[in-house]
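If you want the building blocks of each chain, they are given just below.
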Amino acid sequence: TQLLEQSPQFLSIQEGENLTVYCNSSSVFSSLQWYRQEPGEGPVLLVTVVTGGEVKKLKRLTFQFGDARKDSSLHITAAQPGDTGLYLCAGHLNRDDKIIFGKGTRLHILP
Amino acid sequence: NAGVTQTPKFRILKIGQSMTLQCTQDMNHNYMYWYRQDPGMGLKLIYYSVGAGITDKGEVPNGYNVSRSTTEDFPLRLELAAPSQTSVYFCASSYETGWETQYFGPGTRLLVL
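The listed protein sequences derive, respectively, from chains A and B. Under the numbering used here, the first residue of the first sequence is numbered 1, with each subsequent residue one higher. Under the numbering used here, the first residue of the second sequence is numbered 1, with each subsequent residue one higher.
The reader is advised that the hints may include incorrect statements.
[Claimed, not checked] Facing chain A, a subset of chain B residues (Cβ under 10 Å, in silico):
| id | residue |
| --- | --- |
| 1 | Val4 |
| 2 | Tyr33 |
| 3 | Gly40 |
| 4 | Leu43 |
| 5 | Lys44 |
| 6 | Thr55 |
| 7 | Asp56 |
| 8 | Ser94 |
| 9 | Tyr95 |
| 10 | Glu100 |
| 11 | Pro106 |
| 12 | Gly107 |
[Claimed, not checked] With a straight-line Cα cutoff of 16 Å, these simulated EDC-like cross-link-like pairs (lysine to aspartate or glutamate) come out:
| id | chain 1 | residue 1 | chain 2 | residue 2 |
| --- | --- | --- | --- | --- |
| 13 | B | Lys9 | A | Asp67 |
| 14 | A | Lys103 | A | Glu5 |
| 15 | A | Lys103 | B | Glu59 |
| 16 | B | Lys44 | B | Glu59 |
| 17 | A | Lys98 | B | Glu100 |
| 18 | A | Lys57 | A | Asp83 |
| 19 | A | Lys70 | A | Asp83 |
| 20 | A | Lys98 | B | Glu96 |
| 21 | B | Lys44 | B | Asp56 |
| 22 | B | Lys44 | A | Asp67 |
| 23 | A | Lys59 | A | Asp83 |
| 24 | A | Lys70 | A | Glu5 |
| 25 | A | Lys56 | A | Asp67 |
| 26 | A | Lys103 | A | Asp71 |
| 27 | A | Lys103 | B | Asp38 |
| 28 | A | Lys56 | A | Asp71 |
| 29 | A | Lys98 | B | Asp56 |
| 30 | A | Lys103 | A | Glu38 |
| 31 | A | Lys98 | B | Glu59 |
| 32 | B | Lys14 | B | Asp56 |
Hints listed in this document are in silico derivations from the structure and should not be mistaken for laboratory results. Ideal placement from N, C-alpha and C gives every residue a C-beta, glycine not left out.
Chain A with its partners taken away, still in its complex shape (with noise of 0.2 Å):
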């Protein structure tokens, strides 16, 4: 069973278009993360979110917590080819637990 259920699993958009990727789960995170990979490299941490309903920006990325605390998004607007790579959601369900990652979104965005 996998606790986080990322989609779309594939995404391939043109230059400048908007897009929304999305983590879900029937269970409740103390905090969320959200990494990006590139081919040959390891994750590199966006953003956390604790707060359900929390909204974070980083540049044309905004990351929501949702209410709940059971799912999250991350929209990019005006996508530009540096975005590609594959998108992670990570979770805790308690404080003190280990991280829990998705499957990942990857995406690709074409000039």
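Once you have looked at the hints, place chain B on chain A.
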């Protein structure tokens, strides 16, 4: 700071051979982790350590062993390599667990034939 470093970058093993994947961090982090990443499967936790001398199993520990004799080093040992262990292995570290950022190494790509 170099962050988290891993060696080797790539290795081919024959079935039944043994090897050690090295991981070192220079950030004085207490927590260290080993993950494997299979295509389309995300990251699975193999082992983790909360400090020198303390290790614990993760989600997929079978076929692996670890040790943590120093804060900096967290090697992963494969005793009898099997094709199912073909994967990309990532080491990570964090100061604490929970909300803390995990810093990942560049990975070791392992192929078992």
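Going through the hints against the structure:
1. Val4: 8 Å, holds
2. Tyr33: 8 Å, holds
3. Gly40: 6 Å, holds
4. Leu43: Check passed: Cβ of Leu43 of chain B comes within 4 Å of chain A, closer than 10 Å.
5. Lys44: Since chain A brings a Cβ to about 8 Å from Lys44 of chain B, closer than 10 Å, the hint holds.
6. Thr55: Given a least distance of 13 Å, the restraint on Thr55 of chain B is violated.
7. Asp56: 9 Å, holds
8. Ser94: 9 Å, holds
9. Tyr95: Violated: closest Cβ of chain A sits about 13 Å from Tyr95 of chain B, beyond 10 Å.
10. Glu100: 9 Å, holds
11. Pro106: Nearest chain A Cβ about 6 Å off; hint holds.
12. Gly107: Hint on Gly107 of chain B: holds, closest Cβ of chain A at ~6 Å, below 10 Å.
13. B:Lys9 <-> A:Asp67: Violated: Lys9 of chain B and Asp67 of chain A sit about 42 Å apart, past 16 Å.
14. A:Lys103 <-> A:Glu5: 7 Å, holds
15. A:Lys103 <-> B:Glu59: 15 Å, holds
16. B:Lys44 <-> B:Glu59: Holds. Lys44 of chain B to Glu59 of chain B sits at ~7 Å (cutoff 16 Å).
17. A:Lys98 <-> B:Glu100: 11 Å, holds
18. A:Lys57 <-> A:Asp83: 15 Å, holds
19. A:Lys70 <-> A:Asp83: 25 Å, violated
20. A:Lys98 <-> B:Glu96: Cα-Cα ~11 Å, so holds.
21. B:Lys44 <-> B:Asp56: 14 Å, holds
22. B:Lys44 <-> A:Asp67: 27 Å, violated
23. A:Lys59 <-> A:Asp83: 12 Å, holds
24. A:Lys70 <-> A:Glu5: 11 Å, holds
25. A:Lys56 <-> A:Asp67: Answer holds: Lys56 of chain A to Asp67 of chain A is near 14 Å, not above 16 Å.
26. A:Lys103 <-> A:Asp71: Holds, at roughly 15 Å.
27. A:Lys103 <-> B:Asp38: With a Cα-Cα distance of about 10 Å, the restraint between Lys103 of chain A and Asp38 of chain B holds, given a limit of 16 Å.
28. A:Lys56 <-> A:Asp71: 14 Å, holds
29. A:Lys98 <-> B:Asp56: Roughly 11 Å separates the two Cα atoms, so the pair holds.
30. A:Lys103 <-> A:Glu38: 15 Å, holds
31. A:Lys98 <-> B:Glu59: 10 Å, holds
32. B:Lys14 <-> B:Asp56: 28 Å, violated
In this structure, the earlier hints numbered 6, 9, 13, 19, 22, 32 are contradicted, and the remaining ones agree with it.
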